[in-house]
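Visitor: Residue numbers (my numbering): 20 to 146.
Be aware that a few hints might be false.
Here are the computed distance ranges between Cβ atoms for each label pair [stated by the list, open to error]:
| # | residue 1 | residue 2 | range |
| --- | --- | --- | --- |
| 1 | V104 | P133 | 36 to 42 angstroms |
| 2 | F122 | D40 | 31 to 37 angstroms |
| 3 | D24 | E115 | 41 to 47 angstroms |
Derived by calculation from the structure, the hints in this document are not laboratory data.
Just so you know, even glycine gets a beta-carbon here, dropped at the ideal spot from N, CA and C.
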Amino acid sequence: MKGTDMECRLELISVPVSDVDRSIKFYTEQVGFNLDHDHRVTDDLRFVQITPRGSACSISIGTGITEAEPGSVQGLQVVVDDVEVAHAYLVKSGVEVSEVQDFPWGRFVFFSDPDGNGWAVQQLVSQ
20 MKGTDMECRL
30 ELISVPVSDV
40 DRSIKFYTEQ
50 VGFNLDHDHR
60 VTDDLRFVQI
70 TPRGSACSIS
80 IGTGITEAEP
90 GSVQGLQVVV
100 DDVEVAHAYL
110 VKSGVEVSEV
120 QDFPWGRFVF
130 FSDPDGNGWA
140 VQQLVSQ
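Please model the entire structure based on the sequences and the hints provided.
Guide: Here it is in structure tokens:
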């Protein structure tokens, strides 16, 4: 944080979903993320943590985690070494994904989870 010596790391983002089991299947079986935790605390609280391979930041889904509407999170982004490989993997896994798009700040593909939460997959480009 500015003005301090304290380090801050973003390590968890809540993603609101309507069907936890469907979302676990989507993120692990189709997108290739790792399932770290699936813990039912009470009937009203289930905490699931899923992490993109190689990432220090995870997402949490579940019941009782957030009051945000399912599908309301947009602009989630992961970075890969090769967006063409990522695109081919997502297509093969049955994910509806955009074609590769080139911008001055990177190469991208875009997809949404079953609830409509929006993701970008970026390949950084050399300047």
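Visitor: Just tell me: holds or violated, for the beta carbon distance of D24 and E115 against 41 to 47 angstroms?
Guide: Holds, at about 45 angstroms.
Visitor: Between V104 and P133, is the Cβ distance one that fits in 36 to 42 angstroms?
Guide: Roughly 23 angstroms apart at Cβ, these two residues miss the hinted range, so it is violated.
Visitor: Given the range 31 to 37 angstroms, decide if the beta-carbon distance of F122 to D40 lies inside it.
Guide: 36 angstroms, holds
Hint 1 alone, counting from the list given before, is not met by this structure.
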